Amino acid sequence: MAPQILAAEASASGSRTLTITLFLVFVAITLGITIWASRQTKTATDFYAGGRQFSGFQNGMAIGGDYMSAASFLGIAGLIALYGYDGFLYSIGFLVAWLVALLLVAEFLRNSGRFTMADVLAFRMRQRPVRTAASVSTIVVSVFYLIAQMVGAGALVSLLLGIKPDTTFLGMDANTAKIATIILVGALMIIYVTVGGMKGTTYVQIVKAFMLMTGALIMVLLVLAHYKFNLSALLGAAAEQSGKGSAFLEPGLRYGVETAGDAAKTFYSKMDLLSLGLALVLGTAGLPHILTRFYTVPTSRIARKSVLWAIGIIGTFYLFTLALGFGAAAIVGGADITAQDKAGNTAAPQLAQQLGLDYLGGETGGAIMLAVIAAVAFATILAVVAGLTLASSSSLAHDFYASVIKRGNASERDEVRVARYSALLIGAISIALSIFAQSLNVAFLVALAFAVAASANLPAILYSLFWRRFNTSGALWSIYGGLASAVILVFFSPVVSGSATAMFPDSDWHFFPLSNPGIISIPLGFFFGWLGTILSKETDPEKYAELEVRSLTGHGAH
Amino acid sequence: MPASAEKYLEVQRSEEFAQLRHRLRRYIFPTTVAFIVWYALYVLLSAYARDFMAVKLIGNVNVALVFGLLQFVSTFLIAWHYSRYAAKELDPLADDLHATLENGAVETAATTTDGGKA
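Chains as they are written, first to last, in the working numbering: chain A, 1 to 558; chain B, 559 to 676.
A portion of the hints provided could be inaccurate.
To be verified - DMTMM-like, lysine to aspartate or glutamate: derived pairs with alpha carbons at most 25 Å apart:
{"hint": "1", "chain 1": "A", "residue 1": "Lys543", "chain 2": "B", "residue 2": "Glu660"}
{"hint": "2", "chain 1": "A", "residue 1": "Lys265", "chain 2": "A", "residue 2": "Asp506"}
{"hint": "3", "chain 1": "A", "residue 1": "Lys537", "chain 2": "B", "residue 2": "Asp653"}
{"hint": "4", "chain 1": "A", "residue 1": "Lys543", "chain 2": "B", "residue 2": "Glu574"}
{"hint": "5", "chain 1": "B", "residue 1": "Lys614", "chain 2": "A", "residue 2": "Asp508"}
{"hint": "6", "chain 1": "A", "residue 1": "Lys265", "chain 2": "A", "residue 2": "Asp508"}
{"hint": "7", "chain 1": "A", "residue 1": "Lys543", "chain 2": "B", "residue 2": "Asp654"}
{"hint": "8", "chain 1": "A", "residue 1": "Lys265", "chain 2": "B", "residue 2": "Glu574"}
{"hint": "9", "chain 1": "A", "residue 1": "Lys406", "chain 2": "A", "residue 2": "Asp173"}
{"hint": "10", "chain 1": "A", "residue 1": "Lys228", "chain 2": "A", "residue 2": "Glu240"}
{"hint": "11", "chain 1": "A", "residue 1": "Lys543", "chain 2": "B", "residue 2": "Asp609"}
{"hint": "12", "chain 1": "A", "residue 1": "Lys244", "chain 2": "A", "residue 2": "Asp262"}
{"hint": "13", "chain 1": "A", "residue 1": "Lys543", "chain 2": "B", "residue 2": "Asp653"}
{"hint": "14", "chain 1": "A", "residue 1": "Lys42", "chain 2": "A", "residue 2": "Glu415"}
{"hint": "15", "chain 1": "A", "residue 1": "Lys265", "chain 2": "B", "residue 2": "Asp654"}
{"hint": "16", "chain 1": "A", "residue 1": "Lys228", "chain 2": "A", "residue 2": "Asp358"}
{"hint": "17", "chain 1": "A", "residue 1": "Lys270", "chain 2": "B", "residue 2": "Asp609"}
{"hint": "18", "chain 1": "A", "residue 1": "Lys228", "chain 2": "A", "residue 2": "Glu363"}
{"hint": "19", "chain 1": "B", "residue 1": "Lys614", "chain 2": "A", "residue 2": "Glu258"}
{"hint": "20", "chain 1": "A", "residue 1": "Lys305", "chain 2": "B", "residue 2": "Asp653"}
{"hint": "21", "chain 1": "A", "residue 1": "Lys305", "chain 2": "B", "residue 2": "Asp654"}
{"hint": "22", "chain 1": "A", "residue 1": "Lys342", "chain 2": "A", "residue 2": "Glu258"}
{"hint": "23", "chain 1": "A", "residue 1": "Lys305", "chain 2": "B", "residue 2": "Glu647"}
{"hint": "24", "chain 1": "A", "residue 1": "Lys244", "chain 2": "B", "residue 2": "Asp609"}
{"hint": "25", "chain 1": "A", "residue 1": "Lys537", "chain 2": "B", "residue 2": "Glu568"}
{"hint": "26", "chain 1": "A", "residue 1": "Lys305", "chain 2": "B", "residue 2": "Asp649"}
{"hint": "27", "chain 1": "A", "residue 1": "Lys537", "chain 2": "B", "residue 2": "Glu564"}
{"hint": "28", "chain 1": "A", "residue 1": "Lys342", "chain 2": "A", "residue 2": "Asp506"}
{"hint": "29", "chain 1": "A", "residue 1": "Lys228", "chain 2": "B", "residue 2": "Glu564"}
Simulated from the structure, these hints should not be mistaken for lab results.
Remember, predicted model here, so these are calculated numbers, not experimental data.
The whole structure should be built from the sequences, with the hints applied where relevant.
Printed below as a string of structure tokens:
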């Protein structure tokens with residue numbers, strides 16, 4: 001039997017101290033970088049785009065840092081540990097999605113835009129309405145994502161520090177500790193963004209990506225060594241320990257579940273799987289905090305190179321999570337994981353502790369490994385929320401303040417000042433919403449953010465770049481139409497009301513049967529974009545010529 | 559800025575630009591369709607062909623796992639192949655056009671730096 005975290009109180013408190021120490025070291029290093037970066041941040045290009053001086057490898061690492069959230073690291077490893085193969089479906093969607101970014105978006109966006117997604121969307125359109133729409137969808141996507149991450153951070157801290165409901169930590173009970181964590185994470189992300197801008201945030205991402213990859217690699221090597229590098233043996237042990245036999249290694253335990261005798265339920269469950277798959281693969285290239293990453297490199301060629309690095313890094317990481325998830329199932333066991341956390345989020349830290357215990361000098365080794373991986377998890381959350389805050393505050397300042405309110409007449413200095421205040425504002429609102437939401441089940445918000453990105457942003461981006469006829473009306477229809485379809489369908493879905501795991505489990509107003517709206521809302525977003533376009537006579541062949549020539553040749557790129 | 563607008567239209571209509579656009583679209587659109595169909599096939603099989611996905615190939619390694627890993631392989635291969643294709647077929651053409659635009663755009667340089675967005 002594997003010991004649960006905190007089975008031995010003595011080693012637990014040692015591990016807890018070490019976790020906090022390591023986390024503080026990470027915070028100290030990243031704050032140092034942030035202050036250094038702030039001295040190099042003088043122009044708007046420095047603040048929004050990190051001076052456009054990052055190399056392909058650096059930006060590839062930073063993309064990995066922005067993308068590999070706690071949901072990827074702890075969430076997918078946990079899903080695989082509890083449901084086996086189905087967790088892998090997530091990783092595959094998240095990875096294949098990068099081909100959309102590579103082939104259809106990254107280089108053209110880099111060539112024709114400056115700081116935000118809206119730069120490309122508004123290129124040949126009427127500035128104010130399109131920038132307003134892009135700003136709204138950027139903030140909606142980012143804040144949904146942000147709240148999910150921050151609430152997750154609050155829930156994780158009590159698990160990772162082992163604060164049980166009836167015990168206290170520094171005089172705080174579990175609930176107070178959750179709120180304190182949310183405030184701490186929020187305050188740090190605001191500091192990174194307002195002080196360090198894109199330059200500081202990018203280095204934070206790079207440090208985090210390095211820590212995450214190293215931590216995961218060590219665990220993967222230990223897991224594989226445990227099974228003498230025999231993959232089949234690892235899978236066999238995982239299947240046996242799970243108590244589900246070979247079904248554990250096949251799709252169907254979590255998504256697309258077949259309910260005997262209930263054809264409708266089975267049908268919806270499978271549709272939900274397809275819907276999720278679609279949102280995962282089309283959402284990535286519409287996430288504003290990923291899109292703004294392409295502006296941090298000098299040219300579109302380097303943007304391409306950074307996506308290639310990102311694909312390599314992210315792909316490797318998802319292969320790691322496969323070994324971690326099956327490793328946790330085999331070595332820790334499902335029962336011990338669910339005893340700690342029903343959603344399986346502690347599978348990776350528990351596996352780390354067990355591996356340390358077995359291979360790195362017993363109790364002390366276990367405590368050290370647990371502390372290291374817990375600190376990596378905190379660093380992961382912190383870096384991702386910083387990236388999200390930066391993307392949304394950039395859009396608020398560059399698109400809404402400078403173009404809509406000031407009609408393009410804001411000075412650079414003024415714009416950057418507003419961007420800093422926007423980060424403070426968005427950070428404060430996210431902290432408040434997260435505290436309010438922390439007792440609710442908001443895990444669906446990440447999937448919703450992907451669905452909105454795929455339904456509202458991606459159609460507008462693709463039409464903008466490749467469809468000559470596309471116009472202001474089409475852009476507004478696709479953004480607002482896609483956004484509204486996704487949000488409304490989710491609001492009336494079982495993740496918000498009418499099921500035991502819903503956000504409001506005691507009420508029921510749901511009528512849409514799927515928990516992911518993508519399969520309906522993504523085609524709707526594309527349809528609305530087409531409809532809005534043909535309903536308006538506006539065309540501007542000259543501006544399209546400029547956009548097309550610039551996006552393909554790099555002429556006039558910033 | 560009619561001068562530079564004229565310039566962009568001229569380039570857009572040029573033989574060389576048509577060639578660049580053709581080579582680009584000929585690659586990225588069919589490839590996108592191909593990898594999305596390939597991915598959709600994988601998701602559909604995961605949802606509806608469970609018996610097939612469950613077939614064991616070597617030891618405990620089944621079709622589902624191999625299919626999933628093949629999605630990784632295809633993603634890596636497409637990324638690698640695109641970077642080679644772009645470097646060979648697209649970048650030289652783009653550079654040529656870029657140079658033409660730079661040389662002819664001296665008098666309009668001041669108006670193009672803000673991208674005409676203001």
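Check: Do the alpha carbons of Lys342(A) and Glu258(A) lie within 25 Å of each other, as the hint requires?
Finding: holds (22 Å)
Next item on the list: Would you mind confirming whether the straight-line C-alpha gap from Lys42(A) to Glu415(A) stays at or under 25 Å?
Entry: Distance of about 12 Å is within 25 Å: holds.
Note to self: Lys228(A) and Asp358(A) were given as a pair; does the straight-line alpha-carbon distance stay at or below 25 Å?
What the structure shows: At roughly 15 Å apart (the allowed maximum being 25 Å), Asp358(A) and Lys228(A) satisfy the hint.
Check: CA of Lys342(A) to CA of Asp506(A), is that 25 Å or under?
Finding: Within the cut-off at roughly 20 Å; holds.
Check: Between Lys265(A) and Asp654(B), is the straight-line Cα distance small enough, at 25 Å or below?
Finding: violated (58 Å)
Next item on the list: Measure nothing beyond the straight line between the CA atoms of Lys406(A) and Asp173(A); if it is 25 Å or shorter, mark the hint as holding.
Entry: violated (48 Å)
Note to self: Tell me if the straight-line CA distance from Lys614(B) to Glu258(A) falls inside 25 Å.
What the structure shows: holds (21 Å)
Note to self: Between the alpha carbons of Lys537(A) and Glu568(B), is the straight-line distance 25 Å or under?
What the structure shows: Between Lys537(A) and Glu568(B) the Cα gap is close to 24 Å, so the pair holds against 25 Å.
Next item on the list: Measure nothing beyond the straight line between the CA atoms of Lys305(A) and Asp649(B); if it is 25 Å or shorter, mark the hint as holding.
Entry: At roughly 13 Å apart (the allowed maximum being 25 Å), Asp649(B) and Lys305(A) satisfy the hint.
Checklist line | Agreement of Lys614(B) and Asp508(A) with the hint, judged by alpha carbon distance not exceeding 25 Å | finding: Given that 25 Å is the threshold and the Cα spacing comes to 43 Å, the pair is violated.
Notebook entry, point to check: Holds or violated: Lys228(A) with Glu564(B), Cα cutoff 25 Å?
Noted result: At roughly 67 Å apart (the allowed maximum being 25 Å), Glu564(B) and Lys228(A) break the hint.
Notebook entry, point to check: Is the straight-line distance between the alpha-carbon of Lys305(A) and that of Glu647(B) 25 Å or less?
Noted result: holds (16 Å)
When the structure is compared with the earlier hints, violations turn up for hints 3, 5, 8, 9, 11, 15, 29 and for no others.
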